[in-house]
Amino acid sequence: SQTIHQWPATLVQPVGSPLSLECTVEGTSNPNLYWYRQAAGRGLQLLFYSVGIGQISSEVPQNLSASRPQDRQFILSSKKLLLSDSGFYLCAGYRGQTEAFFGQGTRLTVV
Amino acid sequence: GNSVTQMEGPVTLSEEAFLTINCTYTATGYPSLFWYVQYPGEGLQLLLKATKADDKGSNKGFEATYRKETTSFHLEKGSVQVSDSAVYFCALSDSSIGGPRDFGQGTELSVKP
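Here the protein sequences line up with chains A and B, keeping their order. Going left to right, the first sequence walks through residues 1 to 111 as the working numbering numbers them. Going left to right, the second sequence walks through residues 1 to 113 as the working numbering numbers them.
The set of hints was computed from the structure by calculation and includes no laboratory data. Please read all numbers here as calculations on a predicted model, not as lab measurements. Backbone N, C-alpha and C define an ideal beta-carbon position, used for all residues, glycine too. Just to be clear, a hint being listed does not mean it is correct.
What the hints assert, rightly or not - Partial pick of chain A residues on the chain B-facing surface, computed with a CB cut under 10 Å:
no., residue
1, 34
2, 59
3, 90
4, 92
5, 100
6, 102
What the hints assert, rightly or not - Residues from chain A that keep clear of chain B, each with C-beta distances beyond 12 Å, as calculated:
no., residue
7, 18
8, 24
9, 69
Turn these sequences into a full structure, and let the hints steer you where they fit.
Structure, rendered in structure tokens:
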């Protein structure tokens, strides 16, 4: 079965520091990969999605970027974190609309 | 833009009680609608889905009907069990991408024996 490994589970970073969150996929190939963020009191919001290597679509203008250097690797980055970047970040993979698999998420606190 | 609103939790029920978790959405076009569930200590997983108006998704005794006229996709179960304790998320996807673009904030369900 498909699995997403996402790390770390929690992260505390100072304002202005860089960020790199990585998720890797096992058990399937060529999935669509997504990064979501959940701010306090709100639902998950789609940030980026990728349908293949090097293909990134951005949903929301922000201080973040994403890359997909390999089929099973999806990275979320920032050059300089803002306080407003705090939240819960979740990596997800989909094949069609029925097969869905999720990482455990990363809780990021920017201080 | 699209959005999903679901009832706030936590919801606490006794075993064998009837469950309804409300979900309403705003969207252009004809989105697909989903319910996801996250059991304690586990990741999200798809519970059920419906892709067009009047479709009924069902799984593990849960049901939800896609109501376009009321823009709703309420989750129901006739008799909940302690093992149904989890957080439930309503979600919406337009046809351009496979996975949901928008999720509700989640509703925590606690079932007591």
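The hints, checked one at a time:
| no. | hint | result |
| --- | --- | --- |
| 1 | 34 | 5 Å, holds |
| 2 | 59 | 7 Å, holds |
| 3 | 90 | 8 Å, holds |
| 4 | 92 | 6 Å, holds |
| 5 | 100 | 5 Å, holds |
| 6 | 102 | 4 Å, holds |
| 7 | 18 | 27 Å, holds |
| 8 | 24 | 14 Å, holds |
| 9 | 69 | 21 Å, holds |
When held up to the earlier numbered hints, the structure conflicts with none and fits them all.
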